[in-house]
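Chemist: Next come the chains, spelled out residue by residue.
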Amino acid sequence: MFEALIPDVWPPVLIYIVAAVVLPFLPSHPQRAFLTLVVPLIGGWMIWTVPEGQHAVYPLMGFDLTLMRVDKLSVVFGLIFSIAAFLAALYAWHVKDRTQQIATLLYAGTAIGAVFAGDLITLFIYWEGTALASVFLIWARNTEGAYQTGMRYLIIQIGSGVILLAGIALHYQDGGSIAFDRLTGDGPGSWPIGTWLILFSFGIKCAFPLMHNWLQDSYPAATVTGTVTLSAFTTKMAVYCLARAFPGTEMLIYVGAIMTLFPIFFAEIENDLRRVLSYSLNNQLGFMVVGVGIGTELSLNGTAAHAFCHILYKALLFMSVGAVLFRTGTSKASELGGLYRTMPWTTFFCIIGAASISAFPLFSGFISKSLIMSAAGKEQYFFVWLALVFASAGVLSHSGIKIPYFAFFAHDSGKRPKEAPWNMMLAMAMTAFLCVFLGVFPSTLYGLLPYDVKYEPYTFAHVVEQLQLLVFALLAFALLMRYGFYPSEEKGINLDTDWTYRRAIPAIVSILLRETGRFKTWLGATVVRYLPSWQRGLYRHYGPDGLLGRQWPTGSMAFWTTVLLSGCLLSYYF
Amino acid sequence: MADKLRDDPQDLHPLGAKLRWVEKDANIVRMITGLAILCAILFLLDFVAGRKPYFGLEGWFGFYAIYGFIAFSFIVIMTGYLKRLIGRREDYYAPGAVDAEDYPSVGLDVKDHTDV
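First to last, the sequence lines map onto chains E and Z. According to numbering that gives the first Met the number 0, the first sequence holds residues 0 to 573 in order. According to numbering that gives the first Met the number 0, the second sequence holds residues 0 to 115 in order.
Hint data in this document are derived by calculation from the structure and do not stem from the laboratory. Be aware that a few hints might be false.
As the list claims (entries may be wrong) - The calculated lysine-lysine pairs, modelled on DSSO-like cross-linking and capped at a C-alpha distance of 30 angstroms, are: (1) Lys51(Z) to Lys490(E); (2) Lys453(E) to Lys377(E); (3) Lys377(E) to Lys51(Z); (4) Lys417(E) to Lys17(Z).
Please model the complete structure; the sequences and the hints are all you need to start from.
Modeler: Following this line, the structure appears as structure tokens:
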């Protein structure tokens, strides 16, 4: 009987779940930290060695649930999630909080489970699993602000799951299956409501424009190490889902292009460097979404490659800013500066992350973003291509320059913090190595992509073009800074769409409640005031001596019948 | 606040002490000059790059250089206006907002370079 439950291939998520259950019972901190480190390695090895095809298929209530759909697209995401989980665990080696350790394991495990889900029901379960596990990385900060931010995050994340579930149900009802495959059909015009709901739920987690602000609200509110973990999984899981279900959906090209543009301006004026990176993350997601929308082999390869590289360099940037926060107590640009004197290695790793995200040749962003840019050019999306080039200059501005410059150089903050602890340094060093390695040897990554890659990023012309874009942007920065046109960092926050649910809606609800209360008070007072006279009037007419009471109920009925008939007669004439 | 050039090198990380040349005005001017020379070389490389543009505009001489310079400048200048429009005080959403709170010390290990 139990033999039927043993899968032909063990899903990697199981090892994460088992480890999360075992972890609290381990007696010492090194044992627990070691467990968080070794699980992603084993999980990664399982993914690397698993044969392609559908595995671990279980019938449940008439549905076939596929826990392991293995193909090149799911493997490349599964591998990078494993690497990210390992690096995040190493970075967080010093963290003794078991809640964070368990949350990290479950979060990474469920995200990996989602990318191998072969059906929509399994996807939904892991989709909600990531939401539930990850919120503890925000709450672990243990402040009132973190608690409230976590609640907002949870409502939005769970909400996206509920929308996904509704979409799945309607999609199935419309004659669809529960298979998690391409849902594009004959284009958006032919989509039933269920398909739209599924896309909408993916869009929330992918931080589409106007649905994006949960990201910038919550990631800077997490713990030092929690933000590094958060940056890797949720949004890239959504990108994977879009690439799986909606490749070639043209509207995504324009959605993605907008995503690359608007966060640039928000990132530029933001003071908290972890929020700057959150906006930057949003901008990078835009490139991936454009790749999904174009839908050619080149662009989908670009999306997968960019997700892979992005997870690494974004984690590296969050790690370096996290190390600064860990040693100084702040990640606000207005309170930082000049830290290279005592944190030169963290500075160095941050610059590697900055060079990678800016797509300098020999760094990872160059070999992945180029695939998407070329796809936009080849398919002749002129304005989209123009937006992507503009956004590339913007990336250099807020992530390539702003992060390292204001944290480690700029004005001297007077802070002389100690260099980051060994585990953070090692995690940053390994991540930085991968960023450079992928940039120098792109074929390593290209070999993992869903389709054969017939693209050479290192042509003389392409390197010159990219260097022209970036070096001239650097010159603009140098001149603007030198001549005082570059704005200094100031304390403060900026309004975004979260204003609607943090200020506007609570204010409207408050007004409604106040006015409802007033009306209720007025109504009560009026009733109390006039009730005796109403009682007397009723008694006069309906009491034992009243006109209508004498022949009651016949008299009353006759009276009201007359009134009604008179009303009908009058309405007929007028 | 410490004086940026009067730190005792003993109080800095050895690597950090070696990097202090980046702060001297003369070196900053040298770096900008070097950057300008690099820009000029890259601009001229357009003659020999043998580019294969996807669009007519892309094929213009020095397109990437000019576009990069203008785009960056535009972003920086526009953000000044945006900040005036949507910028608020740090405690705008307080209480119960992380921006107005200090990060709890229990999750940190704040140390000076000279601390053991």
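Chemist: Decide, hint by hint, whether the structure agrees.
Modeler: Outcome of the hint check:
For the suggested pair Lys51(Z) and Lys490(E), the alpha carbons sit about 46 angstroms apart, so the restraint of at most 30 angstroms is broken. For the proposed pair Lys453(E) and Lys377(E), the alpha carbon gap of about 13 angstroms is at most 30 angstroms, so the pair holds. A hinted pair counts as satisfied when its Cα atoms are at most 30 angstroms apart, and Lys377(E) with Lys51(Z) qualifies at roughly 11 angstroms. Taking the CA atoms of Lys417(E) and Lys17(Z), the gap is about 17 angstroms. The hint holds against a cut of 30 angstroms.
The structure fails to meet hint 1 from the earlier list, while all remaining hints are met.
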